[in-house]
Structure formats: C-alpha cells, structure tokens
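Protein chains: 2
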Amino acid sequence: MNTKTIPVGQDILSPAKQAAADLRADFTRRGIFIVNIVSSPGAGKTSLLEATARHWGGQHKMSVLVGDLATDRDAQRLSPLAPTVQLTTGGACHLEMPLIKKGLEQLGPIETEFLFIENIGNLVCPASHDLGEHLRVVVLSTTEGDDKPGKYPKMFRTSQVLVITKTDLLPYVPFSVDSAVADAQLIQPDIQSIAVCARSGEGIAEWCEMLEAARDRMVASRDDHAAVH
Amino acid sequence: MNTKTIPVGQDILSPAKQAAADLRADFTRRGIFIVNIVSSPGAGKTSLLEATARHWGGQHKMSVLVGDLATDRDAQRLSPLAPTVQLTTGGACHLEMPLIKKGLEQLGPIETEFLFIENIGNLVCPASHDLGEHLRVVVLSTTEGDDKPGKYPKMFRTSQVLVITKTDLLPYVPFSVDSAVADAQLIQPDIQSIAVCARSGEGIAEWCEMLEAARDRMVASRDDHAAVH
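The listed protein sequences derive, respectively, from chains A and B.
Going by this note's numbering, the first residue of the first sequence is number 1, and it counts up by one from there.
Going by this note's numbering, the first residue of the second sequence is number 1, and it counts up by one from there.
Just chain A, same shape as in the assembly:
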C-alpha cells in the first residue's frame, strides 16, 4: 500500500472557520468593523444597540444583523435606527456563518463602518462560533448576578470586552460591578469593561468611543500592512 505525506504550509481550517476568516479579511479591507454581541436573554443587547445608534445619530454608519429563534421583534425595534436584518434560527441556539452570509446578502451593498451581529440570547453555545467578528462583546446585566463569569467561563474567555448593563438598577439588586469585573478577569485578564445604562445613556459615550478607537486601530493596521507589502 502506498502512503503519501502531503505537506501543508498553513493550518487547514474547517469550512466554518475559513468562512469566518474570509469574512473578517474582506470586511477589514472594506473598513467595516464587525462586532459580535453575546449575552443571556434579556441582558439588553438590543437596548445597547438602540442607544449606540442614537448616540452616533448618523455620525458613524452602522448596520445590524439580529438573531433570534423566532419573531422579528428586535428588528422592529432597530430598523427605525439603522439598516437591520432579522435572522431567525427556527430553534438553533447560536448563529452560524451560512445564516450570517444570507443576512449580508439581504442587507445589500450598503455603506457602513460598523456591522453589529446581535447573537442569540444564550451565554453558552455562541461562545464556540466565530462569525468573522473583529471584536466579541459579552453583555452582562446587573440583574443577572455578579457570579456569572465563572459559571459561564468560555463566553467570557473568548470575549475582549465586557459591557455591564442596567446600572440604573444597581441600588435594587445584589450586584457589585467590581466583583463581576474581577470574576471575568480571573478568566480573561485582558478583558476591557464598561458599565452602561442604555435608558439614561450613562456610559454610552465611553462605549461608542471604545468602538471608534477599535475600528481606527483596525484600519491603521490594515494600511500599515498594505504599505509593507
């Protein structure tokens, strides 16, 4: 029996990982910064995006792909504020690349600087799926308890930013922002954290500036890379 060793010069990615890497490379070239927002159900992902759109008021262009198992309730909320496509999984617990691609087709050839992907409300399954994002943001609301990072470690380990929402409820719930951040840092020491209240606008300017700076870094890194080659 003949056997043959095939030399490989690079990692062979699974089709899903390859599709995510290709999307990221393509959107980097186009200057579009992709943000994958993950959280429990009802943590305030949609409210955060509403507040983001209101804060920018057209100054920065944003589009949204919003995922749910069923209904177009979130797209109904976001569509008046930004180009939005509702993705419904019919039951699946996370978004995957084929649905992202369909959503992008439906969004069409719009100009945008930021593409937000609002994932399914689920603090477990979306952690395992790269959607081509430049930044993964985990949203934790003050009403969920400050013990959640350690209990759902993969989601916090794979995120670069922790947004703590519903700070207006802090007087009424047993939640310490410092404890939640410390618990997340045990898992992901480099995680950046911001506390916000979408209803009052507290922290939203800081959140938006963080996004703008992250996109600027992506664009600068792309241009540096192009200048070298």
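There could be a bad hint or two in this list.
Pairs count within a copy or across copies, as identical chains cannot be separated in the list.
Heads up, simulated DSSO-like pairs for lysine-lysine below, C-alpha to C-alpha not over 30 Å straight-line [claimed, not checked]:
(1) Lys154 x Lys101
(2) Lys17 x Lys61
(3) Lys101 x Lys17
(4) Lys102 x Lys17
(5) Lys102 x Lys154
(6) Lys61 x Lys102
Simulated from the structure, these hints should not be mistaken for laboratory data.
Every value quoted in this text rests on a predicted model; they were computed, and no experiment measured them.
Starting from the known structure of chain A, fit chain B onto it as the hints suggest.
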C-alpha cells in the same frame, strides 16, 4: 432475501427518552415529585429554591441537583438548606440523563418528597431534553423583558408552569406581568403562572402550595392506577 416485519406494541424510545421515562416511573412509585427548573442565566432559579426551602422549613423534604458549566457556587448556596449535589457539565449547554443518574447516586438513598433539578441557565437547549421530570417550570425574571416567551417558544411550549421572578423590580423595569403571561399563553394556552419575589417572599406560599398539590395529584393518580390493576 428474507425480510421480516417485527410487530411492536409500543413506541420504541431513544435510550435517553427511555431513561427519563424509567426515572419518572421509578420516582412516581417512590412518591418523589421531580421538578425541572429552566431559565436564562441569573433569572433566579437558585434564589427560588432557597426561598422554597425556607418556606417549607423541613415540613416537606426536598433535594436538589444543580447544574452549571463550571463552579459549585449554587451548591454552596443551597447545601445549608437541603441535600444538594452540584453537577458540572464542563461546557455542555444542558443537563442529560447520564449526569442526572450520577447526581442521584451521589445524593444517596435519602428520603425526599421533591427532587428539584436546576438546569443550566439557558433558555434554548434544555427545552429539548426530558430529565424524567413530572413538572417543567420555566422561570422568567421581570428584568429580562415581557417579550421573551415568543422569542424562545420551545422552552415555554414544553413547560407547564411559568414563574415570574423579581417582582420587587417591577417599578423600575419596562415589564408587564400580564403581557408576559399572555405571550406565553399564545404558545402554551394551559401554562399556569405565578409571580414571585424570592427576596421578600411574595408569591412563595402560592408557589409551594402549587407544588404540594401537584405532588398530591401524582400520588393519588399512582394509587388509583395501582387499585385498578
């Protein structure tokens, strides 16, 4: 080629469904009522069980299997109040029968009237897994929004009871108990609903009475069945 038709007198269940059905039958015989509690992360499942144990104060015997991806934080909270075993899935998004069986072995041959299974905080995946429960209870906190039943339909469709938690926060959040219940009833018209606040104890007596009545019905039905045969 010979072919043979094998007549089957009953549904052939998958091994997981069979194990769940066997557990339910066994615990029915022993008079132990199994309650599978499902919800988003941080909806208040553990707090509800703490309040339940405090309300009963030993008048009714309860045991708990509590599931998490990681940590034994929930078992640490519940152990002082009731025999509790922490199940950690290491990453899996729901509990399954083999882990339930291991938990029961670890719990040992204790006397109990109620076995609570606190599932992984996840409003999607646990919906698809029968754990041998007599009653599935979905917990929804007032801070998650009253639009969740329609967005996570399978979980509400497969539950018999909806417990709305954190009613103390109603003055501060955009949540209507009536809207949430109506949304759940669109999916599951027979769902029974109770609003509670584990911190103040509001609704906890009603919740406990509901559980006691449900267990009484199970025992009566078992005895009727035994009398006929």
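Each hint, compared with the structure:
no. : hint            : verdict
1   : Lys154 x Lys101 : both (25 Å within a copy, 26 Å between copies)
2   : Lys17 x Lys61   : within (27 Å within a copy, 50 Å between copies)
3   : Lys101 x Lys17  : within (13 Å within a copy, 36 Å between copies)
4   : Lys102 x Lys17  : within (17 Å within a copy, 35 Å between copies)
5   : Lys102 x Lys154 : both (27 Å within a copy, 24 Å between copies)
6   : Lys61 x Lys102  : within (21 Å within a copy, 53 Å between copies)
Hint compliance for this structure: every hint is met.
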